[in-house]
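Student: The working numbering puts the sequence shown at residues -8 to 148.
Please keep in mind that the hints were generated in silico from the structure rather than gathered at the bench. Hints may contain errors.
Said to hold, decoys possible - Derived DEER-like restraints, expressed as beta-carbon distance ranges:
{"no.": "1", "residue 1": "Asp81", "residue 2": "Glu139", "range": "18 to 26 angstroms"}
{"no.": "2", "residue 1": "Gln3", "residue 2": "Glu59", "range": "16 to 24 angstroms"}
{"no.": "3", "residue 1": "Asp81", "residue 2": "Lys5", "range": "14 to 22 angstroms"}
{"no.": "4", "residue 1": "Gln16", "residue 2": "Glu144", "range": "33 to 41 angstroms"}
{"no.": "5", "residue 1": "Gly15", "residue 2": "Asn70", "range": "32 to 40 angstroms"}
{"no.": "6", "residue 1": "Ile89", "residue 2": "Asn48", "range": "29 to 37 angstroms"}
{"no.": "7", "residue 1": "Arg(-1)", "residue 2": "Lys45", "range": "13 to 21 angstroms"}
{"no.": "8", "residue 1": "Val79", "residue 2": "Lys147", "range": "18 to 26 angstroms"}
{"no.": "9", "residue 1": "Gln114", "residue 2": "Lys84", "range": "29 to 37 angstroms"}
{"no.": "10", "residue 1": "Asp32", "residue 2": "Lys147", "range": "29 to 37 angstroms"}
{"no.": "11", "residue 1": "His7", "residue 2": "Lys45", "range": "33 to 41 angstroms"}
{"no.": "12", "residue 1": "Lys(-7)", "residue 2": "Gly30", "range": "22 to 30 angstroms"}
{"no.": "13", "residue 1": "Gln114", "residue 2": "Lys45", "range": "23 to 31 angstroms"}
{"no.": "14", "residue 1": "His27", "residue 2": "Met76", "range": "31 to 39 angstroms"}
Virtual Cβ for every residue (Gly too), placed ideally from N, Cα, C.
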Amino acid sequence: MKKTNAMRILDQKKIHYNVITYDGQLDKIDGISVAHQIGKDPQSVYKTLVTQGKSGNIYVFVIPVEQELDLKKAARLTNEKKIEMVPVKDIQKFTGYIRGGCSPIGMKNLYPTFIEASASQLQHIVVSGGKIGMQIELCLKDLQSVTEAKLHEVIKK
């Protein structure tokens, strides 16, 4: 198995993680489908959303696959007038990853990263491993440490 940038960073920092693979050839690469494919509760599988503020700054939000980012909460949290999702065509330019394989770990830059507060209930969190067909499971505190992420309520209620 070829290691992704995310895995190399975790290895360098001696952070324990499990690799979970799935059939990335299927048409369904959305988070809920991936959670079902890997046999994990969708509550423990998180997607990585890349956003851009009015200022031009990039922000990363890691939220449960079944949930939706509240852009107003995100804007308040980042002191932006407005925040929008980065267009799919621009994700690779900012992160080095493609849609469906965007890991919060090992992006081109260390962007301000926020993990939905409900993750604090989890022992382990599952996020993209850095390419379609690959997820990684690790301790929340390790994910926070490597991404310098803060926990905040950022999903629509």
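Student: Does each hint fit the structure? Answer for all of them.
Tutor: These are the hints, each one checked on the structure:
no.: 1; hint: Asp81 x Glu139: 18 to 26 angstroms; in the structure: holds (23 angstroms)
no.: 2; hint: Gln3 x Glu59: 16 to 24 angstroms; in the structure: violated (34 angstroms)
no.: 3; hint: Asp81 x Lys5: 14 to 22 angstroms; in the structure: violated (33 angstroms)
no.: 4; hint: Gln16 x Glu144: 33 to 41 angstroms; in the structure: holds (36 angstroms)
no.: 5; hint: Gly15 x Asn70: 32 to 40 angstroms; in the structure: holds (37 angstroms)
no.: 6; hint: Ile89 x Asn48: 29 to 37 angstroms; in the structure: violated (22 angstroms)
no.: 7; hint: Arg(-1) x Lys45: 13 to 21 angstroms; in the structure: violated (34 angstroms)
no.: 8; hint: Val79 x Lys147: 18 to 26 angstroms; in the structure: holds (21 angstroms)
no.: 9; hint: Gln114 x Lys84: 29 to 37 angstroms; in the structure: holds (35 angstroms)
no.: 10; hint: Asp32 x Lys147: 29 to 37 angstroms; in the structure: violated (20 angstroms)
no.: 11; hint: His7 x Lys45: 33 to 41 angstroms; in the structure: holds (39 angstroms)
no.: 12; hint: Lys(-7) x Gly30: 22 to 30 angstroms; in the structure: holds (23 angstroms)
no.: 13; hint: Gln114 x Lys45: 23 to 31 angstroms; in the structure: violated (37 angstroms)
no.: 14; hint: His27 x Met76: 31 to 39 angstroms; in the structure: violated (24 angstroms)
Comparing the model with each earlier hint shows violations of hints 2, 3, 6, 7, 10, 13, 14; every other hint is respected.
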